[in-house]
Structure formats: C-alpha cells, structure tokens
Amino acid sequence: MIRYCVRCIMPETKPDLHIDGEGVCSACRSFERRKEVDWDNRRGALKEILDRYRSRNGSNYDCIVPVSGGKDSTYQTVRMLELGMNPLCVTATTDKLSDIGRRNIENLKRRGVDYIEMTANPVVRRRINRLALTQVGDISWPEHVTIFTIPVRIAVQMNIPLIVWGENSQNEYGGPAADAENSVLTRRWLEEFGGLLGLRVSDLIGQEGIEPRHLIQYTYPTDEELRRVGVTGIFLGYYLPWDGFGNALFSQAHGFETYHKPVEGSLVNYENLDNIQTGIHDYFKFLKYGFGRATDLACLHVRRGRISREDAVKLVRMHDGKFPWVYLGCPIEEVLREMEMTLDGFVRVCDRFTNKKQFVCDSRGNLVKDRDGNLTKINYDNEKFLRA
Amino acid sequence: MTRVAIVDYGMGNLDSVARAVEECGGVPVVTGRAADIGSANRIILPGVGAFPDGMRNLKERSLDKILHEQVAEKGIPLLGICLGMQLLATRGWEGGETEGLGWIGGEVRRLQPGEGNTRIPHVGWNEVFAIRESPLFRGIPEGKDFYFVHSYHFLCDDDRDVLARTPYCGGFVSAIGRGSVFGVQFHPEKSQRAGFQVLRNFLGV
Amino acid sequence: MLKIRVIATLLYKGWGLVKGVGFDSWRRTGSAMQAVKVYNMREMDELVFLDITATNERRRPDFALVDELADECFMPLTVGGGVTTVDDVRDLLRVGADKVAVNTTAVTDPGLVRRIADRFGSQCIVVSIDARRRSDGTYEACTNSGTVATGRDPAELAYEVEALGAGEILVTSVERDGTMSGYDVELTRRVSEAVSIPVIASGGAGSYGDMVHVISEGKASAVASASIYHFTQQTPLEAKRYLRDRGFAVRL
Numbered sequence: 000m001i002r003y004c005v006r007c008i009m010p011e012t013k014p015d016l017h018i019d020g021e022g023v024c025s026a027c028r029s030f031e032r033r034k035e036v037d038w039d040n041r042r043g044a045l046k047e048i049l050d051r052y053r054s055r056n057g058s059n060y061d062c063i064v065p066v067s068g069g070k071d072s073t074y075q076t077v078r079m080l081e082l083g084m085n086p087l088c089v090t091a092t093t094d095k096l097s098d099i100g101r102r103n104i105e106n107l108k109r110r111g112v113d114y115i116e117m118t119a120n121p122v123v124r125r126r127i128n129r130l131a132l133t134q135v136g137d138i139s140w141p142e143h144v145t146i147f148t149i150p151v152r153i154a155v156q157m158n159i160p161l162i163v164w165g166e167n168s169q170n171e172y173g174g175p176a177a178d179a180e181n182s183v184l185t186r187r188w189l190e191e192f193g194g195l196l197g198l199r200v201s202d203l204i205g206q207e208g209i210e211p212r213h214l215i216q217y218t219y220p221t222d223e224e225l226r227r228v229g230v231t232g233i234f235l236g237y238y239l240p241w242d243g244f245g246n247a248l249f250s251q252a253h254g255f256e257t258y259h260k261p262v263e264g265s266l267v268n269y270e271n272l273d274n275i276q277t278g279i280h281d282y283f284k285f286l287k288y289g290f291g292r293a294t295d296l297a298c299l300h301v302r303r304g305r306i307s308r309e310d311a312v313k314l315v316r317m318h319d320g321k322f323p324w325v326y327l328g329c330p331i332e333e334v335l336r337e338m339e340m341t342l343d344g345f346v347r348v349c350d351r352f353t354n355k356k357q358f359v360c361d362s363r364g365n366l367v368k369d370r371d372g373n374l375t376k377i378n379y380d381n382e383k384f385l386r387a
Numbered sequence: 000m001t002r003v004a005i006v007d008y009g010m011g012n013l014d015s016v017a018r019a020v021e022e023c024g025g026v027p028v029v030t031g032r033a034a035d036i037g038s039a040n041r042i043i044l045p046g047v048g049a050f051p052d053g054m055r056n057l058k059e060r061s062l063d064k065i066l067h068e069q070v071a072e073k074g075i076p077l078l079g080i081c082l083g084m085q086l087l088a089t090r091g092w093e094g095g096e097t098e099g100l101g102w103i104g105g106e107v108r109r110l111q112p113g114e115g116n117t118r119i120p121h122v123g124w125n126e127v128f129a130i131r132e133s134p135l136f137r138g139i140p141e142g143k144d145f146y147f148v149h150s151y152h153f154l155c156d157d158d159r160d161v162l163a164r165t166p167y168c169g170g171f172v173s174a175i176g177r178g179s180v181f182g183v184q185f186h187p188e189k190s191q192r193a194g195f196q197v198l199r200n201f202l203g204v
Numbered sequence: 000m001l002k003i004r005v006i007a008t009l010l011y012k013g014w015g016l017v018k019g020v021g022f023d024s025w026r027r028t029g030s031a032m033q034a035v036k037v038y039n040m041r042e043m044d045e046l047v048f049l050d051i052t053a054t055n056e057r058r059r060p061d062f063a064l065v066d067e068l069a070d071e072c073f074m075p076l077t078v079g080g081g082v083t084t085v086d087d088v089r090d091l092l093r094v095g096a097d098k099v100a101v102n103t104t105a106v107t108d109p110g111l112v113r114r115i116a117d118r119f120g121s122q123c124i125v126v127s128i129d130a131r132r133r134s135d136g137t138y139e140a141c142t143n144s145g146t147v148a149t150g151r152d153p154a155e156l157a158y159e160v161e162a163l164g165a166g167e168i169l170v171t172s173v174e175r176d177g178t179m180s181g182y183d184v185e186l187t188r189r190v191s192e193a194v195s196i197p198v199i200a201s202g203g204a205g206s207y208g209d210m211v212h213v214i215s216e217g218k219a220s221a222v223a224s225a226s227i228y229h230f231t232q233q234t235p236l237e238a239k240r241y242l243r244d245r246g247f248a249v250r251l
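Protein chains in written order, with numbering that gives the first Met the number 0: chain Z, 0 to 387; chain V, 0 to 204; chain L, 0 to 251.
Chain Z extracted, bound-state conformation:
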C-alpha cells in the first residue's frame, strides 16, 4: 500500500519526500517552520542584498529576473520594481507556447521592464524533447535545463551578478532538510534538484544528430566565468513568504490573464498556462511517482488551510493523473506529431515508465486501463482514513 501524509495528501512515492514518525511529510513540516521565521528580518536581509547589487549609476541592470510570464514571474517582476530595482527580465522560450502564454508575456513587459527572450533552436529542441521523453520519461527535461542555463548565461555575458529566482522548490515541496534552508541556487543545487533526473546535457551529443554546437544554450557557464562576474542566485521565496495562489491574485491585478476553466489534469486555472507540453510532463510524473499536478495543488492549498484534507482526497481522485488527451484545448496528437511520434508509440513509452506497483494490474501483470486509457492507483489514501 502507498502511504500518504496525514496532513496533506502527498504520497511517499515522491522522490526526495520524507514522511516522519507521525506520518507528516517534509513539505508540511517545512511549511510549519515558516511560522517561526522572522519575516521582517528576512525582508530586511533582502533589502540589504538588493542595495548591495543595485547599479551605482544606472548604466547596467540591477538584477536579472528569470520569467515565463506566469503568475510567479509576474509577481517577482512587480515586486522587484516596487523595491526600487531595475531588472532585466529573461525568458527561456518555452517549447510550445500557448496564445494565453504569449499574451501574459506581453503583459509582463508592459509592467515596465527591459526584456530578453532567448529561443533555443526549435528544430533541435523537438529532437531533444523526443529523446528526453523516451530516455527519461520527461518531455520537459530540456525546458528545465534552459530555464536555469539561459538566465545564468545572460548574467555572465551581460555582467549582471544578481539573479532573483522565485521559489525554492525544495522548500515548497519538501526536500532534504539541509537544502530547504538554502537561500542560494548554486550549480550543485541545479545538478541535485534542478530536475535533471540523472541525465546530463553532454549525454545528448551523438544522439539523433545532436552536436555540441546545438547545445550552446544548454550549457551552464564555467565556474571561472561565474566567479569572474560574481553570479549569485537568490530565491525570493526565502525572503518573502511565498504563496502561488497569492501570487496569482496579485498578478491578476496587474494584468495577468487566467484560463477560462481549470487546466486539464489540474485543479486551478492560474498556472502552467504557457507550455502546451506540460500535460504530458505532468502525466509522466503520475506514471512514475503516483501523483500529478492536482495532487501538488491540493497539498499546497491544504497546507494553507484553504481546503480540507477530506475534500482534497476527493478532488484528487476526480482530476489527478488522467491521460492527457487535451491540454489547454490542444489535442495530444498535435504535440506528438511535432515530435514525430504516433499515439501508439507514445502509449508504449508511457507503459515503459509506469511504476506498475502503484497501479491496479490484472492477473497477468498488465495495467488495467479504463475506456480513456486512465489508470487506477492501488490506494488513494491511508487505510485508516479509508475505513472511516
């Protein structure tokens, strides 16, 4: 049986999550510790850092804010402006940008900032996507790489040492304690927590005709370059209490547009609106680790007391881990076609990466799927909760 946190409903199958002796997960514990934080102190510390990095004469930017145009980056950008910074907003172009995603990027620019968008070669990108999907079961692997490499490369090239990231996912989603306290994103953080899944950019060379010259934007700057410019990445979420929903409300008030209904596989309409491939990415998380975006969101809201655990369990059961036929209104066949993959081929890859132990299988060990291809988990909550 899969064990779940007794406070939120995160399953123990999630990598880097730890459920303690009382049945509470590390993400909930991490959130608990927030009450002990002296936020005034942290805010003060943030101001000091910003003062230190602010340009003396306005001849260069004060910091880089990596942005996607989403609720968090819109919030980060406005906050930086409010705190008197002159940021350069940097976007690593997402692979399959939605219309609403493009509109939100334009909105972000209109907050009043200089903006750079770096698009890695889309033809090569599609090949890497397919490789990443078939080799590590993560279509968004290249995206996760460029989200980190592109802003840092620009920081080095344009001599802007301070990078202001958003949340430390380790803190938000509960990672090994030592790092949840970290305020700084280092190369080591990227390697260990950046979602690289054990694959490295250098492994791509020689596959599907990919050569080193195609991977320039995927290459993290050298330690020497980082040291020369003094690049430091801080997590805004360490200095200001971070809440995705709060950020959404804030951003909406600043022109951010939400989707007209909850995004497929999710519970909300205010996040993951920019990349149409996200549906596939989230689905594979479900196949490997037994939880999808609906679970993530339900847990975030349960922790902040917005919904009860009981309701969370039901909502997750309704929405989590459904086969991603459509995402943001776009049919999966379109995404697959761009990667030269058939639906059958895709389903085969899905089955390969599915951790069968978590799902209902028939007597021959094959996964049981409903009419729409959806799987059923062996249990959606802890025994004692089910009995009650």
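There's no promise every hint is true.
[To be verified] List of simulated lysine-lysine pairs, BS3-like, C-alpha gap at most 30 Å:
| no. | chain 1 | residue 1 | chain 2 | residue 2 |
| --- | --- | --- | --- | --- |
| 1 | V | Lys143 | L | Lys12 |
| 2 | Z | Lys284 | Z | Lys355 |
| 3 | L | Lys18 | Z | Lys356 |
| 4 | Z | Lys284 | L | Lys218 |
| 5 | L | Lys12 | Z | Lys368 |
| 6 | L | Lys12 | Z | Lys356 |
| 7 | Z | Lys356 | Z | Lys376 |
[Stated by the list, open to error] Anything over 10 Å on all C-beta distances counts as not near chain L; from chain Z, calculated:
| no. | residue |
| --- | --- |
| 8 | Asp15 |
| 9 | Asp19 |
| 10 | Glu47 |
| 11 | Asn85 |
| 12 | Gly136 |
| 13 | His143 |
| 14 | Asp202 |
| 15 | Pro211 |
| 16 | Thr231 |
| 17 | Gly245 |
| 18 | Gln251 |
| 19 | Tyr288 |
| 20 | Lys355 |
| 21 | Gln357 |
| 22 | Asp361 |
| 23 | Thr375 |
Keep in mind that the hints were calculated from the coordinates and are not lab data. By construction, the Cβ of each residue, glycine as well, lies at the ideal position given by its N, Cα and C atoms.
Since the structure of chain Z is already known, use the hints to place chains V and L on it.
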C-alpha cells in the same frame, strides 16, 4: 519486415536477443518450432552453457534437422552467438568430444591463459579487430569493444573463415563467417551501440 | 586487452531507487526505469541492481521488475538482493539478469555459492561483501544491508567464496557509501590481494581521482558508483576519459 527466428533450445538469454533484434528493426520470433524457423528470413542461434549440452538439446528437439534444411540447403542467413557460434564447428572438446553442426570447419577448445594477467573465463569488454572485409562489421571502427563471457574458443580449419580476432589468450577468433553463415563469440545484445550495429548489419545481409 | 569497467549501482527500496549515506538516511532518487534508460544511453559498461530490503523483509527478488528493467538494459546486468536459493538464480537469469549478486547468504549458507557455480558457471555469480572499518584499522564484513556484524574478515571471506566458485567480488565500504569522500582503498586492496578473480570497488566515489586511486592502489578491476553520477555534473564518459588519459584501458 525481417522475421528473425531466435532458436529456443533451452539455452541462452533469448529475451535479451529478442529485445535487441526489436530495437534494430527486426521482428523477433523466439521459437523451438520447425514451422516458425522455416518461415523466417534470418535465424539467430544464441547460447550460454556447454557444447555437449547445446548439441544434445538441439538434437532432442530435432532442431538440427530444420536448421540444416534452412541454412545448409536453402542458404537462409544465420548468426551464431557465443555458444551458438561454437556449435557451428565440426567438433567441440568441452567435456569430451562432441560433434557440432559442422557448417564451418573447425574445432572448439579451451582458452589457454597467455602471459600476464590473463584469466579464464574471459569476462568483460575487449577489442574486436576485423581480419577481412565483411558485411558484419560494416561501419564499426577497428578495435571496438564488445562484451565477452566464455572459456572456450573456435579454431578455424580454413583461415578464410576468420572474420575477426581479439587480443587475448594469443588472439582468439572472435567472429567467423562462410557464405551466409556467421558467428560471433561476443554478445551483440549486450554490447550496446556497437552490438546493435552488428545485428543491423546481419539483418541487412 | 580486457578493459577496466566503469559500473553504475542502482539501489532499490520499496517504490523506487534510493541513495543513502553510510547505508542509512535513504533518500528516494527516482524511477528505476528512468535510471536504467539513462545509463543505457550513456553506454555504461555494466549495471548492478540491488534490492536492499529483500533480505531483511525475507522476500524473494522482484522478478517482474527485473524483467522490465532487463528489457531496456543492453549491457551486462547484475541483480542482487534476497537471493537465497538456486531457484532464485535460475529465475533471475531467466528474466534477463546476466549475473546474480549474493551477499548475506554467502555468509549464512556458503554452500549456495558452490551450487550456483556448479549449475550456472562461475561467471554468473558475484559475491557482494559489505564491510566496516574497525577503530584498530581492521575490517569486518556485515550482512543484511550492513545491519548485522559477522566478525569475519572480508579478505578471508573473499578467499573462501572464490574457492567455492565465485566469479567476481563486489566490495563495498559501508561507512563511505554515499559520502562521496573516496573509496576505502585499503579495504579494496586487502580483498584484491586475497583473490585472483576480479574485484569491483564500491562505496564513496566522489571524483574521478578516487577511481584512479582505487584501481592503482586498491587493485580494483572495476569501479562502481552511484551518487557521483546522480548528484553532480560528473559523467561516466568523463570518468572513462580521465582514466584513459592516465593510462588505464577503458572502453570508449
């Protein structure tokens, strides 16, 4: 679609070979039935274990007969892997004298440790050097490493049947071929990309 | 010539792969299938897959899982954890393992090593020895995922199992495992000098230099590691190039 019959005579890692054939674009049919072997475009004879057991198992299942028909008479390309390669010989000397399938003249004898640190069995990655042109090694650089695990080796009667050698125990024969009958001492299904290239070359022969 | 092997170890617990430090504080690192596919793509020389709770849970190996993983593994695969009978070995080989690793049972029932070697051949049995360093500088072998001290000297144990037919020895330093602070070169050397079969060093690799060290002074024939590839930017290919540049024969 190239139908590849992978002979199941109770010896060998059939699944691995089937998977590798699949990855190389063939349609693997793991079978011990004459009918299946008879309808295949290619035949692979895998094998892990001892020579006498191998021959006995083939004979008990009458597989030697169908293989003779398809390979010796009809000329259907066949690839012997590891023990499968050794069985192609005239005779083998493991555990006494045993008659082999006899399609490539030669004998199978125990590896003799050479100088230095050569241990038997020969287990691990080692270089394969093609001695003459052969479709089997097309596109594979000289001295590429393949995975070996064996204690016996093939001595060819006719040097023209030697396709490749490996620098170990005096440079034993690591690949043989006569007409459309081939044999490799290493395991292509365990030798990743290089192994796949050999399999693809065999499928394309 | 026969190459030095660079091997990746996958530790399996419960739902997926884990990494520990000193055989403790296990941390989930992700999907086993994903790791097998990545290492296959990276042309690793060999994979060692160990189910670390099978013995303590008195459970047989998970054949269905090994079957799935073996399907994606086009390089030699060694599987261990919970192997106590010849049937376990037969079934593992049948689902796709090339070699089987035996740890606890090699100490509690050494005759098993002989029986496996007789039935399947020495080349398919790896005896895995986990060892701790005592304060006086001597070593002690442990079983049951490092939880039970046996009082046996690992070099002696290695010698004994070689005579029974073991094909290789995998020697792991319990306290160094996961620390990335270097292999226990002394432990490896003592075991290597006691036997004439290949010895795979394991536990503690943090840098390519550590690998060179354990091969040249520890006399290892192969180096196994896990944390280093998962948690840092070091890769198996770079490790091999580093070894080649220092004169070691590796497969590239």
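Hints, verified against the model:
At most 30 Å may separate the alpha-carbon atoms for a hinted pair to count; lysine 143 (chain V) and lysine 12 (chain L) exceed this at roughly 36 Å. For the hint linking lysine 284 (chain Z) to lysine 355 (chain Z), the alpha-carbon distance of about 13 Å falls within 30 Å, and the restraint holds. Annotation: proposed proximity of lysine 18 (chain L) to lysine 356 (chain Z) holds, straight-line Cα distance about 20 Å (limit 30 Å). With a C-alpha separation of about 42 Å, the suggested pair lysine 284 (chain Z) and lysine 218 (chain L) falls outside the 30 Å cut-off, and the hint is violated.
Taking the CA atoms of lysine 12 (chain L) and lysine 368 (chain Z), the gap is near 26 Å; set against the 30 Å cutoff, the hint holds. Restraint check for lysine 12 (chain L) and lysine 356 (chain Z): satisfied, since their Cα atoms lie roughly 12 Å apart, inside the 30 Å limit. Simply put, lysine 356 (chain Z) and lysine 376 (chain Z) have alpha-carbon atoms about 9 Å apart, close enough for the 30 Å limit, and the pair holds. The Cβ of aspartate 15 (chain Z) sits about 6 Å from the closest Cβ of chain L, inside the 10 Å cut-off, so the non-interface label is violated.
Listed as a non-interface residue, aspartate 19 (chain Z) keeps its Cβ farther than 10 Å from every Cβ of chain L; the least gap is roughly 13 Å. Non-interface call for glutamate 47 (chain Z) relative to chain L: holds, since the shortest CB-CB distance, roughly 31 Å, exceeds 10 Å. Taking the minimum C-beta to C-beta distance to chain L, about 33 Å, the non-interface status of asparagine 85 (chain Z) holds against the 10 Å cut. At roughly 6 Å from the closest C-beta of chain L, the C-beta of glycine 136 (chain Z) falls inside 10 Å, breaking its exclusion from the interface.
With a minimum CB-CB distance of about 14 Å to chain L, histidine 143 (chain Z) clears the 10 Å threshold, and the non-interface call stands. The beta carbon of aspartate 202 (chain Z) is not kept farther than 10 Å from every beta carbon of chain L, the shortest such distance being approximately 5 Å. Residue-level check passed: proline 211 (chain Z) sits 13 Å from the nearest beta carbon of chain L, beyond 10 Å. The beta carbon of threonine 231 (chain Z) is kept farther than 10 Å from every beta carbon of chain L, the shortest such distance being approximately 19 Å.
Separation of glycine 245 (chain Z) from chain L is adequate, the least Cβ-Cβ distance of about 30 Å exceeding the 10 Å criterion. Distance check on glutamine 251 (chain Z): its Cβ is at least 35 Å (rounded) from any Cβ of chain L, clearing the 10 Å threshold; non-interface status holds. The claim that tyrosine 288 (chain Z) lies off the interface is violated: its Cβ sits roughly 7 Å from the closest Cβ of chain L, which falls inside the 10 Å cut-off. Not every CB of chain L lies more than 10 Å from the CB of lysine 355 (chain Z), the least distance being 7 Å, so the non-interface label is violated.
Against the 10 Å criterion, glutamine 357 (chain Z) falls within the reach of chain L, whose nearest CB is about 7 Å from its own CB. With a least beta-carbon separation of about 13 Å from chain L, aspartate 361 (chain Z) lies farther than 10 Å from that chain, consistent with its non-interface assignment. Even its closest Cβ contact with chain L, about 17 Å, leaves threonine 375 (chain Z) beyond 10 Å, as expected for a residue assigned away from the interface.
Checked against the numbered hints given earlier, this structure breaks hints 1, 4, 8, 12, 14, 19, 20, 21; the rest are met.
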